[in-house]
Amino acid sequence: MSENLTARFTALTEDVLIYIISFLQPPEIVRLSKTCKTLHALTSLRIVWTNACVYHVIAKGYPFPNTPVDDILTPDLVYATLHGYALAKRWISGIPGARNIRYISGTSGTFVSEVRFVPGHDDKLLLTISKTVWSALSIWYMGAADSQKVCEWSPRGAIFTGFVLNSDPRSAATIAIALHLNEEQFIKILCLKHDDILGYSFEELYSADTDMKPITLMGDFLALSNDISQTAVWNWQNGQYAILEHPIEDPSVTQLNGCIQVLFAHQSILVARARSIHLFPFPDLKPSDPDQEPATPYAPLAQHSFGWVDGESVTICPFLSDHMPANPKALWQPLSILVRGESDDPWASDIHFLELYTLERNHAYFTPDSPDQDHSSSTLPYIFPPRLSNQVACVRGSLRCKQIILGRFGSAVWIQPRDRFAGGLLADIPSHLVPSSHKQESLVVTAFPGPLNPGIAESVVIGKKMFENEFNTSWTSFDYDEVGGRIALGSSFGRVTILEL
Numbered sequence: 005m006s007e008n009l010t011a012r013f014t015a016l017t018e019d020v021l022i023y024i025i026s027f028l029q030p031p032e033i034v035r036l037s038k039t040c041k042t043l044h045a046l047t048s049l050r051i052v053w054t055n056a057c058v059y060h061v062i063a064k065g066y067p068f069p070n071t072p073v074d075d076i077l078t079p080d081l082v083y084a085t086l087h088g089y090a091l092a093k094r095w096i097s098g099i100p101g102a103r104n105i106r107y108i109s110g111t112s113g114t115f116v117s118e119v120r121f122v123p124g125h126d127d128k129l130l131l132t133i134s135k136t137v138w139s140a141l142s143i144w145y146m147g148a149a150d151s152q153k154v155c156e157w158s159p160r161g162a163i164f165t166g167f168v169l170n171s172d173p174r175s176a177a178t179i180a181i182a183l184h185l186n187e188e189q190f191i192k193i194l195c196l197k198h199d200d201i202l203g204y205s206f207e208e209l210y211s212a213d214t215d216m217k218p219i220t221l222m223g224d225f226l227a228l229s230n231d232i233s234q235t236a237v238w239n240w241q242n243g244q245y246a247i248l249e250h251p252i253e254d255p256s257v258t259q260l261n262g263c264i265q266v267l268f269a270h271q272s273i274l275v276a277r278a279r280s281i282h283l284f285p286f287p288d289l290k291p292s293d294p295d296q297e298p299a300t301p302y303a304p305l306a307q308h309s310f311g312w313v314d315g316e317s318v319t320i321c322p323f324l325s326d327h328m329p330a331n332p333k334a335l336w337q338p339l340s341i342l343v344r345g346e347s348d349d350p351w352a353s354d355i356h357f358l359e360l361y362t363l364e365r366n367h368a369y370f371t372p373d374s375p376d377q378d379h380s381s382s383t384l385p386y387i388f389p390p391r392l393s394n395q396v397a398c399v400r401g402s403l404r405c406k407q408i409i410l411g412r413f414g415s416a417v418w419i420q421p422r423d424r425f426a427g428g429l430l431a432d433i434p435s436h437l438v439p440s441s442h443k444q445e446s447l448v449v450t451a452f453p454g455p456l457n458p459g460i461a462e463s464v465v466i467g468k469k470m471f472e473n474e475f476n477t478s479w480t481s482f483d484y485d486e487v488g489g490r491i492a493l494g495s496s497f498g499r500v501t502i503l504e505l
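FYI, the numbering for the sequence shown is 5 to 505, going by my numbering.
By construction, these hints were calculated from the structure, which means they are not laboratory data.
There could be a bad hint or two in this list.
[Claimed, not checked] With a cut-off of at most 30 Å between alpha-carbon atoms, the simulated DSSO-like pairs for lysine-lysine come out as follows:
#1 K135 - K406
#2 K38 - K64
#3 K469 - K93
#4 K128 - K217
#5 K443 - K469
#6 K93 - K64
#7 K443 - K135
#8 K468 - K443
#9 K93 - K135
#10 K406 - K443
#11 K153 - K135
#12 K135 - K64
#13 K469 - K64
Based on the sequences and whatever the hints tell you, model everything.
Okay, structure coming up:
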């Protein structure tokens, strides 16, 4: 921009300038800010970046924190806007590869069973669970070039059997963890505290005797489940709880049906298990009274089975193409369910599909306290059974880590097995005819039709190999931060790999 043009432009009133700048893409605002001191000051105003965020990131369904814009500090708002816009453009261009790869090697030689990004804390913390003689929970600080272990919690002799991080970083409870110690089973709720002098430490907030495992922690609400049919919803702050239970096909036979995920949905709770999903009404939590009979468990409103599954991820994805035209401000959104079916022969490397299903909103549903409720209307906030909306080809095979993750902006991540013989163990073929393969496991990403994969909703979705396992070891766990564009991979050898998309 020439000096004369700049002078004429800056002579406009501030309101007019802000309006004009609202049409600029976030990177263009940055370039404009470098032209002169006046425009640099103007483009530093919060209203400029609020407009850029709302019009060019949130409205387009690009990755952005699930936090009200008004609650974000201005410097963080500028970063989140620029980052979300740039990340979306990389997805749209096909994610050519990881921008950066870093490692945490302080756990080398130790089996890392779990790895998770810790919500909040400026996105600088990573959690790992490892095991030698007994289990250990470690917190790593990733702000510096070399990651450092800043905290560890490892009760002597304890074996961890399950855990979940709080999705609300503002809550006092950071993590709920189930452990087996001294022939007893219980759950502890821990708070991760930080002090400028003492550093990071864990404080125990609550302990409860139970053999259930924590599945979802959202603020004060903790969902726990057993491996058969029961799920407990518990407010750990006031002790109120309720039990959700689905009927067992044959009570005389104990058949495991492990819980994969519990989602707090609209006026309901969706429990996803290894061989079924169940939609329950959101229960009325009541205090526990030892002098009274236990409350009657809530029965499911609806259920469906995809058969046995190796992995399942349920997310609210309002911007997927089959949900459009989307209204992010609608009272509730459809639920998206990504399913990885179980293989009868896990050593076979034939092609199968990850399938994306949709639980559509039931527009005839009224909230229970609605004054104009028509009691003849359906009592389900979602329409059962789920509708198959898309699928993506995937290689079947033996995996230690079978989890899949579907993000709320429509991207998905999973681990693909190393190449095996397509016949598997069930094929009657002489061993000398079996071809050898030296390929390792690989990390695969994709985006379903929507803002990160614009085009025709019925178009074929293709997964992209993002990273191949560098060592002859198995990945044991991974976590995906869709908004941050980060993936963490834990391995049986102990090394943790962090990819930045």
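Right, here's what the structure says about each hint:
no. : hint        : result
1   : K135 - K406 : holds (20 Å)
2   : K38 - K64   : holds (26 Å)
3   : K469 - K93  : holds (18 Å)
4   : K128 - K217 : holds (27 Å)
5   : K443 - K469 : holds (13 Å)
6   : K93 - K64   : holds (11 Å)
7   : K443 - K135 : holds (28 Å)
8   : K468 - K443 : holds (16 Å)
9   : K93 - K135  : violated (40 Å)
10  : K406 - K443 : holds (18 Å)
11  : K153 - K135 : holds (16 Å)
12  : K135 - K64  : violated (43 Å)
13  : K469 - K64  : holds (26 Å)
In the structure shown, a violation is registered for the earlier hints numbered 9, 12, in ascending order.
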